[in-house]
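S.K.: Using the sequences and the hints given, assemble the complete structure.
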Amino acid sequence: MTEVSEVKRTTLINTLFPSVVSGVLLGVIGAVIGGVLVSRLVENNNDATLVAIYTGWVLFFFIGIGAFNGVWKWGLDRRDATIEEDYQMAGKGQGRWRYFRYTTDHKVVGMQYLVTVLILFFFGSMGAFMIRLEQSMPGAIFFTPSTYNTIVGMHGILMIVSTIIMVSGPFGNFILPIMIGARDMAFPRLNALSYWLLFAAIPIFLSTLFVGGFPTGWTGYAPLADQSLTPGMDAYCFTIIVFAISTTIAALNIVTTVVVMRTSGMTWGRLPIFVWGVILSVILGLTAFPSFIISQVMVLMDRVFRTAFFIAAFGGSNWLYEHLFWFMGHPEVYVIALPAMAVAAEVATVFTRKPLFGYRLMISGLVGITVLSVLVWGHHLYTSGSATALDGPYMLDTELISIPTGLFFLCMIGTFWRGKIWATAPLLFVGGMLVNFVIGGITGIYLADLPTDELLHGGMFVTAHFHFTLVGSMVFGFFAGFYFWFPKMVGRRLDPLLSKIHFWLFEIGFLGTFLSLFYAGLQGEPRWSANVAPPFATANLIASLFAILIAASVFVLVYNVVTSYLRGEVATADEWGGKTLEWTVPTPVPLENFEKLPVVTSLPYNYGTPIPAKESATADTGFEAPLQPQAES
Amino acid sequence: MSSTVHEESHELPLHIKIARARAGVLLLILSDALSVMAILAAGGYLNALNVLGQFKVPNEAVPNIIPGILVAILLVVSGAAYYLWERSIRRQAGTIQQPLFIVAWLATIVALVVQIYMSYTLGFGSPYHAYESVIILLTWFTSVHLLLSGIVGLLLFGRIARGRQTRHSYVVEVVGYWWYYTIIASLLLWIFSLILS
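Heads up: the sequence lines are chains B and G, in that order.
For the first sequence, counting from 1, position 519 maps to 519 in my numbering; every step adds exactly one.
Position in the second sequence counted from 1, then plus 633, gives you my numbering.
Hints in this document: simulated from the structure, not taken from any laboratory.
Note that CB positions come from ideal geometry on N, CA and C, so glycine has one too.
All the given hints hold, so there is nothing to weed out.
Per the computed footprint, the stretches of chain G lying under chain B, defined by three or more beta-carbons under 8 Å from a beta-carbon of chain B, are: (1) 645 to 653; (2) 750 to 761.
If we take Cβ atoms under 10 Å as the criterion, some of the chain G residues that face chain B in the derived model are: (3) LEU685; (4) PHE790; (5) ALA794; (6) ARG795; (7) GLY796.
M.R.: This is the structure we're talking about:
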């Protein structure tokens, strides 16, 4: 341990530079310089100019926000950063402003992710409601087909991006290091970098609205993506590249943290199930995302430099894109699923007051899903016209995933069995998740089977299936974690009644909307049709009416979060009587989490006590809070 | 503002710092190696499909082999020099042969310059066929890797020049991981381009 001297007083200039303000300022300047330079050098190539603008924005944004300061100091300064400077980087004494700087504290990064995810969800949901509005009656009502396609594409990408990071970002950063008994992530600067890369990608993505949108939907299929109909496709590709780099950095950081930073006694066999879910998810991401980056680099090269990776006339192939994309695209479903499933298991133990049933069995199930999921991408090419030799193995492999998924369900049922059910909002969301996941999983079997997929492919049945999987299952898992850890992360309690209203509106609205779309799909309604044909009008109208409930649930959530943040009850250190390490530290969590690192001697699920009274929650753990929480200012 | 949180800091033990540096760089290499595999698979796939017989049309230009051989030699020199430098400071016997590191770094920089020169003198004409597209991607991908190694080398050179890297440490070791990986990956991509040609 080293004595720390006084932190220097900061001036307004020091506060603003570097920060997000200087980042945006320099980013805009960089974008202008990049755009002007390339437009002068390369005439009549809007794609090249746009890519230069985006590159300038990202590069100069990171200079402005101070991302390179640490690198510069590491390599070219006379000395290493002092402990005071490290604390400064971690946001010590900077109050809420630390959320707007290149702050390295994992809790700050976790909160930045959480707010960003919620905002992305909000805008993604608005896109969904516009889609349902348009589809509520036959014919073009509000949007042209082109605008509709852009809305669908933006909704898809916003939701996919949000769901990929929704658990590993906020909870993986804020909760996971504390859960394993670490003071921070393994690479705090990379942690900040991963978040701010995500932040830098958002304006690029939104810029597509001003440069014509993109016609391909979220999959960005080439060769349609290669066609220079609008430069909006460049925004899509660049966003994906920046986002995938961000996710890769985050994955690398999380894996290293779990491998290296576990406290004494925290063996692999004692890791909370949530940690297992997150680490398996990010390992999967680390494996899957490189091919996605390369696919988007190729599309950009086709667009900017007139290469021909995907243009058949010049020897390219659309199948190449489909393989590269789905090699990421299918594992990505499990990148989303694994941590959400693990959240559900973590929450279930607390609110049934029981040890997790079949802890090792569940881990083997999650590992099984991880391994199998990188071998199934070919089932997305069943109807693409490619060689059929591998259809059988892909079909078999896809269906094999139901076995480890079944283990997860078995363990969840075992955990609930004869448990002391404490029906809080987190547990309601776990229940909803299990119901929706069963429907999403079983309908997936029909799409994994080649004969039925030939009929259902490209129809509304597919849309309903993956919404049941991604939203009904995984987003519900996220909300279980959100309501569970919100008091720890924010220091305030959410209103329990509003939380339950949110759940019921969401669940009923969700079931009504997407069961109707299953019906429409079975009737033969195709996806990607801006105008609903009359035979499917009733199912779509019912779906749109139920979507109103989902919309209402979003506003209940927003109201609950805002009012709880402003004037909610102050949360205790161990709000739910949890046994994992995050519940042993004070709320708000101090800068370095623990005064002395804990020593772990058993699994964190030794529940035998009844539902805890809130007042005695901290006494349960026997933990005394020796550190003062970080002061807000 | 006086000290705000608590008066003691907790530095990471050295063995943790070493383990995280190794793990971080190895994971980065793993991720990057998967990108390399994706490119190799893509090139091989397009070559095998040969859609409409247009993957590589007759009389299509192929990259000049001389600059490629030069880059390969420079990379081997760079790798060998880095290895000898690392070994000399690991042993800490006699003088540490810092010039070897400078040779390793300069060889990488020169290789980068030659690689960029190659990418501008491929002799392909737009719009490019699939073969040309793959070669362009391989060339640029290698350039980006060499650029990254050049930057890492510059930072390490800065530490040496400032007297902050006077003996062997895990920093030298893990930079070595990346150094050798870049060389192997670049040579692999070059050999692949020769096979496609």
